[in-house]
Amino acid sequence: MTTLFRKSVRALPFAAPSSLAASPAVPHRLIAALRPMTSSTTYYPPLVRLSKDLSAQTYAVILSSPPVNALTPTLLRQLQAHLLHLHADQQSYLNHGLILTSTFPNIMSAGLDWDCLIHNEETESFQDFEIRFRNYLNLFQDCCKLLLTISMPTIAVVRGACPAGGTVLSLCCDERIGVSSPSFLMGLNEVAIGMNLPSWIHHLAYQTLGQNSKTRRFLQQGYLVRSAEEALELGYIDKLVYSNEDIAENVGSELRHYLSQPWTARTLTKKTQNQHVVDSMGPAAIDDLWMTVGSAEFQEKVKLFKQKIRNRAKDA
Amino acid sequence: MTTLFRKSVRALPFAAPSSLAASPAVPHRLIAALRPMTSSTTYYPPLVRLSKDLSAQTYAVILSSPPVNALTPTLLRQLQAHLLHLHADQQSYLNHGLILTSTFPNIMSAGLDWDCLIHNEETESFQDFEIRFRNYLNLFQDCCKLLLTISMPTIAVVRGACPAGGTVLSLCCDERIGVSSPSFLMGLNEVAIGMNLPSWIHHLAYQTLGQNSKTRRFLQQGYLVRSAEEALELGYIDKLVYSNEDIAENVGSELRHYLSQPWTARTLTKKTQNQHVVDSMGPAAIDDLWMTVGSAEFQEKVKLFKQKIRNRAKDA
Amino acid sequence: MTTLFRKSVRALPFAAPSSLAASPAVPHRLIAALRPMTSSTTYYPPLVRLSKDLSAQTYAVILSSPPVNALTPTLLRQLQAHLLHLHADQQSYLNHGLILTSTFPNIMSAGLDWDCLIHNEETESFQDFEIRFRNYLNLFQDCCKLLLTISMPTIAVVRGACPAGGTVLSLCCDERIGVSSPSFLMGLNEVAIGMNLPSWIHHLAYQTLGQNSKTRRFLQQGYLVRSAEEALELGYIDKLVYSNEDIAENVGSELRHYLSQPWTARTLTKKTQNQHVVDSMGPAAIDDLWMTVGSAEFQEKVKLFKQKIRNRAKDA
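Protein chains in written order, with our numbering: chain A, 1 to 316; chain B, 1 to 316; chain C, 1 to 316.
Only chain A is shown next, with the shape it has when bound in the complex (with noise of 0.2 Å):
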């Protein structure tokens, strides 16, 4: 696994180019703290590191866990110390911008963990898987639930994969910048994977890509976007950008518009715009996810999923 974690992240091809380096403007020094393992800026052990450059005004929210950054509860519990962090201490980050984004270049996270959603039967009653469940499902909720409602500026950098659950913490941040790239692939396909949409997720699409009838169709069928430019075209992404060097200088303009407005006028303003889907949260709406989860349809299927990308990954 460190192996492959180490594999991944040599391979990645962010430098901080030289043109950029002389604009004060340009937060170039995001490129650096997207480059991983420089342990002066790790707070936390590998899964989801916390970058900072002082320079750019800038905090990165890196997930960096192999292969797939699938959203574990380990990974998630990090994600949400970190945001709870950044939420407590936020008197600090007053003229910062949040990132959110993969140390991996061709995935952004797989979504939510197979193994949070399987019954297994050899350690657990089902009564327990229930409550596994719920537990994962309200770590989740929460994540989503401090990226709606943290004061900084949120910027998702949408590079390579993020179905699902990955598409949803996207869709939590204020804007998306995606990356042209053959691996980008976004949308919320839950339906195609056998589980259902709670009305909060709804929401959350509506109020980025629009209520329509385009929308709704998307959501009832599983739809995956498969390429950045359409991802744009559609509204899943408010800006496309075409190398790792973009990604620094238009994160930068794009916080300045946040940043230079009056804070706690553009916080309020952000909550207001936000309490709907945190209002649509809640118990409620993991019950209405078992319903599909706790399924014997669900359950069969996902596990027949799984093993089909064991041997697929085997084969690799």
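Treat the hints with care, as some may be off.
It does not matter which identical chain is used: a pair holds within one copy or between any two.
[Stated by the list, open to error] Straight line, CA to CA, 30 Å or less: simulated BS3-like cross-link-like pairs of lysine-lysine:
no.	residue 1	residue 2
1	LYS306	LYS271
2	LYS271	LYS303
3	LYS308	LYS145
4	LYS145	LYS214
5	LYS239	LYS214
6	LYS214	LYS271
7	LYS239	LYS52
8	LYS145	LYS52
9	LYS303	LYS52
Rather than coming from a laboratory, the hints here were simulated on the basis of the structure.
For chain A, the structure is supplied; the task is to place chains B and C on it using the hints.
For chains B and C alone, coordinates are given in the frame of chain A:
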């Protein structure tokens, strides 16, 4: 009446083209299914027929009430009966889609039945008329509710005119395919007729067309779309086809997007999506409508209007 | 002040072109109506004038408070009085439309009155300021509510700048016609000024511009649209005209779409449409705003801002 009906349906140019017959994936029998009076596929007498195409995994609810598919109490009760039957027996139709369409190539439905909106001073007191109207609207709302909550994916195939109530029925489906034709007509023109729109129809329009200044104007001004091309551009329909032959293929390919999804996940998601529309139906919505329908202003206008239509029919 | 006012209005290039005078369908007298100081059409003294054009079936509420139509308590009370009058006497105006516009070609309204947002330490305690602010906001909300619920169809003719509160008033109308001009400026830039947006203004923006990622960014970033062309593209205005001469014709043709509808049906539909905005007004919305306006951060910022504007005015 029967003569007119026979004539209308014989004029239907539907025929299964041989090129489609070879492909099992294409619900080519839909074309045959749309042919009226095939006794083997008729469960109920004329006004609404339920057709079944096993190979194409489709049921078609076909409005067949000459001359214009007015939504009379009898037609609505038949529609309700079909939908209740499909609701109750949904286990049999897990892999089926539902099509809502019309026997007549030039008219989908003329909308609500004038006779149910007019106080007949010769046969009833005003109080009796109010009760009759409320029962009628209740029946209409119930049909809409059944369409919005049915587990099968639903596609309205809009051929010809479907103003007002006809458009409402179409918007209650998951998707709309429009057939390009000079007789195409669609829109929520209730206001132009003199009826106000209760909040659930606003919600229905918004979740299809998007909520914005344009949609709001359309509702306030009783706007009618006069071509399928414009309907596609504005979002009234999701797909445009140019011939009856293309209907079957397109219905099939659209339905497959839904039917390939896990059943429970898709249907729960659909239910969550439509819940806010269903929740805003009910007696209050009928109270709201009664404010116009029960007014002297409306009663006078609608009587004149009906007379005009009758005179025009006589002249023709 | 009076001199400045006189100068401004004399500079108005309004004149009824002879080509329009012949057509009774065109409310050509609107142009004359927009001319200030015509005693026969003035019901109240200067700040807000109510003009009436019988042939064009229009009333015009014309903001006429030099130099920039700041929404002072006096102006708002006059606006409120005009709207209350039209509300109460609606039976007389069944076939009339209402235009909201400005006497000045370069400014529609500068928005809320700075003096009502600033604690005047010399004349009042902070508690007194809070009461004064709450009364003021209540007055502003009441004007918005009157516009949202008035039975006449309403069109805002946006000439010149109408940031913040000016845009809010415009969005409370059924439709907006913008006049192309170098001084055009529109947008909900409250956040940029340091005020947060209460939920009813979010709803108002969504029901005009659509609820999506773009609109959300505009609100959080206090975005200002700097040309009527962009305003049309983004949905801030519904129609763009290129000269004052075109205003009358376009207002007339837009109003006819509403006025040709049955009165009760149209007005009830309008009421249902705006109800959710009206419902989210009230004391809670003012509590919300007081969180920024009552803060030391805002008070300092706005005093500096006001000083800057004064200095600029002196230099000019």
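Each hint, compared with the structure:
In this homomeric assembly, LYS306 and LYS271 come within 30 Å of each other (Cα to Cα) only across copies, at 28 Å, whereas the closest approach inside a single copy is 38 Å. In the homo-oligomer, the alpha carbons of LYS271 and LYS303 lie at most 30 Å apart only across protomers (26 Å), although the nearest pairing inside one protomer, at 39 Å, exceeds that limit. In this homomeric assembly, LYS308 and LYS145 never come within 30 Å of each other (Cα to Cα): the closest approach is 33 Å inside a single copy and 40 Å across copies. For the homomeric pair LYS145 and LYS214, the shortest alpha-carbon distances inside one copy (26 Å) and between copies (21 Å) are both at most 30 Å.
Proximity of LYS239 and LYS214 under a CA criterion of 30 Å is satisfied in both settings, with 20 Å inside one chain copy and 11 Å between copies. Proximity of LYS214 and LYS271 under a CA criterion of 30 Å is satisfied in both settings, with 27 Å inside one chain copy and 17 Å between copies. Taking the closest pair of Cα atoms, LYS239 and LYS52 come within 30 Å of each other only inside a single copy of the chain (23 Å); across copies the shortest separation is 47 Å, beyond that limit. In this assembly of identical chains, the alpha carbons of LYS145 and LYS52 lie at most 30 Å apart only when taken from the same copy (22 Å versus 47 Å across copies).
Within a single copy, LYS303 and LYS52 get their C-alpha atoms no closer than 40 Å, and across copies no closer than 35 Å, so neither meets the 30 Å cut-off.
Going down the numbered hints, you'll see the structure goes against 3 and 9, while the others check out.
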